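Engineer: This is what each chain is made of:
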Amino acid sequence: MAFCIVHIFTACTNNSKPIVLLPAPTKNGVDKVPPSVPTNGTLSKVTSLSDSGYLRKLSLHIRGVPPSIFEYQALEEAQKNNDTALFFKNTSQEYLKSSYHVEKMNNRLNEYFRLRTDSYYNTTDWPVLKEELEKDEIGEFPYITYVQSHLHKSSLNHLFRTIIRENESWDQLLLKKDYRIFVSQNSSNFNFGALEGKDFYYSIAKSQFPPNANGFVNLQFDANDARIAGVLTTPRFFARYPNTSVNKNRKRAAALFRMFLCDSMDTVALDASQNEEQILKKIFPERSSGNLVVSKDRHGHDAACLKCHYKLDPVGMTFAGSSLSLSPTASRGSLVFKRLDSQKVELPVEGLGALAHKITQQPEYTQCQTQLLWNWFIGSDSPLSQKDSLDLQSQFEKDKRRVNDFITYIVNTPQFTSRSPLVSENELERKVKTIFKRCDSCHKEEKNIPTFVDWPIGGSETLMKSYIKKITKVLDLKGNGNAATMPPPQSSWRLSKQEREALQLWVEKQTDSVVMHAFKSVQLRYLGGPDLILTLANKFSFWKSKNNEGLEKADVPSYCRFAANETSSKLGVSSPKTGRPIHENPSPSMARWLLDCGRAYIEADFKNSLLTEQLSHYFAPHFQKQFQLNQKEKLNAFLNQRWNVLTPDIQKQMVSYWTEYLLGPEELLSDVTQGQFINMSEFSDALIRKIPHSMTQLNLKELIPQILLTLIMQDAFLQY
Amino acid sequence: MTASLIFCSLLLLLNSFIWGQEKKEQSADVQIIKELGQPLHVVWSDGREAQLEITETLNQRVAMEFENFENTCGDTISKPCQYHVGLSMTLFRWVWIKYQQNPERIGKTLEIQFEEKGDFNPYSLLVQKGILNRMNNEFLSQNVPSDQLICENSDWLEPFLASRDLTGAPKAVFVKIGTWSTELMLQNPETDENENRTIFNLFDVHLAYDPMSKSLTLDRIGDSIGVFPVNSFIIVGDVIQWNLENTSSQQCSLAFKPNVDKLFRKFENIATDLKSLKSVAMVYEGEEKLKLINELGRSMVDFLNSANKPYEVR
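Taken in sequence, the protein lines are chains A and B.
By the numbering used here, the letter at position 252 of the first sequence is numbered 252, and the numbering carries on one by one without gaps.
For the numbering used here, add 1000 to where a residue sits in the second sequence, where the first one is 1.
Calculated from the structure, these hints are not laboratory results.
Quantities reported herein were computed from a predicted structural model and do not represent experimental measurements.
Every residue, glycine too, gets a C-beta built ideally from N, C-alpha and C.
Be a bit skeptical, because a hint or two may be false.
[Stated by the list, open to error] Okay, derived cross-link-like pairs now, DSSO-like style, lysine-lysine, Cα gap no bigger than 30 Å in a straight line:
id : chain 1 : residue 1 : chain 2 : residue 2
1  : B       : Lys1098   : B       : Lys1291
2  : A       : Lys431    : A       : Lys577
3  : B       : Lys1291   : A       : Lys251
4  : B       : Lys1257   : A       : Lys577
5  : B       : Lys1098   : A       : Lys198
6  : B       : Lys1176   : A       : Lys251
7  : A       : Lys400    : A       : Lys433
8  : A       : Lys206    : B       : Lys1098
[Claimed, not checked] For each label pair, taking beta carbons as the anchor points, the in silico distance ranges come out as:
id : chain 1 : residue 1 : chain 2 : residue 2 : range
9  : B       : Thr1272   : A       : Pro328    : 41 to 49 Å
10 : A       : Thr578    : B       : Glu1245   : 51 to 59 Å
11 : A       : Lys607    : B       : Gln1187   : 52 to 60 Å
12 : B       : Asp1046   : A       : Ala637    : 54 to 62 Å
13 : B       : Gln1187   : A       : Pro210    : 30 to 38 Å
14 : A       : Asn448    : B       : Glu1152   : 47 to 55 Å
15 : A       : Thr696    : B       : Asn1305   : 48 to 56 Å
16 : B       : Asp1029   : A       : Lys607    : 51 to 59 Å
17 : A       : Pro588    : B       : Gln1187   : 22 to 30 Å
18 : A       : Asn538    : B       : Glu1288   : 52 to 60 Å
19 : B       : Gln1187   : A       : Asn212    : 45 to 53 Å
Take these sequences, add in the hints, and give me the full structure.
Structural biologist: What follows is the structure in structure tokens.
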């Protein structure tokens, strides 16, 4: 859910301290913010995180939100008692048991399965269901209570949540045989194109649905039922990966290979000299002169098709008869693929359930799934050596593949407990590698073509030079691209103008001396998607409005409550179509979202007098003598004070307070500002100095929101 | 593509019926008056009043090409096939019986005029026999002709005929289709991409074989499921797929491409014919009839309630 950007609001550069006070920010102003700043490509020193830094990282990775101020206080207490080890042990377990963690993992899995990650509908039409969800699904998680959608109320998401909440084996994603089916007499899936659960399971579990069922029905299938295979046999999975008579379940088979065996099965590079009809014949071998006729042998003879079809079709067969809903009978098929050493694996299976079981027994599955969890908690950009990978797999087995146990192991590895080495790869090389990854995905099974992302390409400087020459030619980098033979004409991918320019510039730089270093790109994670919304909502707790009627009555616009819709610019989420982040880099629209919505959250909180109550609570001891803040009238009088009448000491105390509230305690400051500030006093001074003179005339009611907004725009707030 | 467009517009037409049950029967402007044995009335707050009327029902079969392009257990059907869709069309309309503001409108059909699109004249109903859903109200569907499939060459049928008499000759035989799937170009609910998707399945569909005419007649449909709450037309789609077992117990798949454009052109013609027919008041009585009348009444109110564009009822 994190998205990777460098310096969203970069009025700060390497040379200036990252304090940005945006005086009365305007939309136009944000658009002028320059995008990410390329770094100099040097690796910074790897250091251990401070205790607060570790707590913050733990909380953000496991729960998607930073720790509360009370949790930092508890840590401080533990530090005093030399109990930090126990504190972290208990805290990580608490986090792993929280509904936030369940929902964070649910969102991660949604993205991995290329499903929508956000909600569009509330639960007003589903009162019974809402009640059940609040009890069983939601726990203390507030966000989803109000923005549950039909998509989230799916058997698939229930299965995700159950596995995480109950710390079940990761294999249960494929092996689970029990489902919760949400049923509502008043509902319709007209808008969703997916079958309702009761229709989906109708042919195999008709008797288990009581007439007039409303709410949910739990279905239980036999442990050996060959028709049932965890997430694969859920309506949402079928709707996301539909089948047609021509497709023959290949889409589903490909998704299965991608998600569980890390075989992306991307489009093969077909010979561009072939005409369209020949290409079509390779892709759809039944097709002939506009009419489809069955030709049983083409898949087995055409090398280009064979690369994928020898794997896809036998797996696709296990879905046979289940185009829209589950077939009453299991369909035979096989799990077929090649190991890295080219050994062909061919395992006949009686049905989907058996197929799923076979998959979980493959070493490729273990390697893929442990890498996935590593990527989520450490980062796909952090290299995993072969030895580390084997250790990881061994631990996965030791933990009996139980998901939260394994996460506990990962968050205690040195790679997690240290501060991430900061940006090491220059922007150009990162862009080029992103392009080359797409080349790799097509060419990966061609043994005579090396991967283009491991430099030097081919393993030596000479070979790299030779490949650069070839790349230049096939992409027509010296020309305008018209003579390019790659990507092939039938590919849906075309080099964009920016991609072409990046490649041209990179090639130009390689001419004198080939860069031999295999740069490690460490991406910075920024809060995004529902995490960012949750974090803002937690800090500015507007939904605890006094009438306790929830978000519907709050003053925060809906686009500030939904991460993945158009108006929120699909904030830091992946595209369900491609699985890639919608925004690879910071975009003005995302910056605008943060500015507008940050302000909306703060204002909503102010309107509900929640911040002022907190002021009363936290500042009373500080200002009691001067303002007697125990009385509300006095508090209002305080808020009406102009900033410039406060003593510098009080100004500093206030800024320090809000900084600590939003960014964390002083100990963390060095971590979150990358060592540029080591104490609160220095940070507060810097921020106060940045307040424009004209704004010092404002009263506190007007200025505090500006300060808060400034703080939430900091990398230190957004980054982890 | 055309099929999907037409299909969706049909759904829009039917949509008001679909949602009718769950919504209020009364809006600020209009009230439904139901009296047993009397025509169904709607009364506007300004005193205008309309009653529901029904025309004669037109029953007929409409033929369209039904091209087989896949047979996983043998050759595709080499000669053309025609699918004859059984149709029943009835026009319902609201007719003004009180209109103080403009007495000339009395006896005329109620029209809802939107600022931004053409007039709306509810409703005509299209019914195809066999699918059990709310639109297939028995009151309407009792005389709908059954669908038929007639192919110039019937050799392909041989492996699928379910029974034979003692001499080995086909007797009252059926082609038993385990799953009948219909595909249509629709948006993926997760990716928003348009793609061909299966929209509904019919299970245990029996087609009765007549050796004389070598035709198959739709005889039975078991259960049905679909992503749309209602679908009256089992052949409206870009691709129709049958999954069935042959006499060697082999699971086979046959895929067809129906020419629905022709079908929809015919619908339009029939709808035009219906408009010229005389209509009579629809009396509020009879179980099946009541169900239908209630839905029509609700849908009218619901339509007005849900209209999000300015309109004029005249």
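Engineer: Are the hints correct? Go through all of them and say.
Structural biologist: Now for the hints, and whether the structure bears them out:
no.	hint	verdict
1	B:Lys1098 <-> B:Lys1291	holds (26 Å)
2	A:Lys431 <-> A:Lys577	holds (21 Å)
3	B:Lys1291 <-> A:Lys251	violated (43 Å)
4	B:Lys1257 <-> A:Lys577	holds (28 Å)
5	B:Lys1098 <-> A:Lys198	violated (47 Å)
6	B:Lys1176 <-> A:Lys251	holds (28 Å)
7	A:Lys400 <-> A:Lys433	violated (36 Å)
8	A:Lys206 <-> B:Lys1098	violated (51 Å)
9	B:Thr1272 <-> A:Pro328: 41 to 49 Å	holds (45 Å)
10	A:Thr578 <-> B:Glu1245: 51 to 59 Å	violated (39 Å)
11	A:Lys607 <-> B:Gln1187: 52 to 60 Å	violated (39 Å)
12	B:Asp1046 <-> A:Ala637: 54 to 62 Å	holds (58 Å)
13	B:Gln1187 <-> A:Pro210: 30 to 38 Å	holds (33 Å)
14	A:Asn448 <-> B:Glu1152: 47 to 55 Å	holds (53 Å)
15	A:Thr696 <-> B:Asn1305: 48 to 56 Å	holds (55 Å)
16	B:Asp1029 <-> A:Lys607: 51 to 59 Å	violated (37 Å)
17	A:Pro588 <-> B:Gln1187: 22 to 30 Å	holds (29 Å)
18	A:Asn538 <-> B:Glu1288: 52 to 60 Å	holds (57 Å)
19	B:Gln1187 <-> A:Asn212: 45 to 53 Å	violated (31 Å)
In terms of the numbered hints stated before, the structure departs from hints 3, 5, 7, 8, 10, 11, 16 and 19, listed from lowest to highest.
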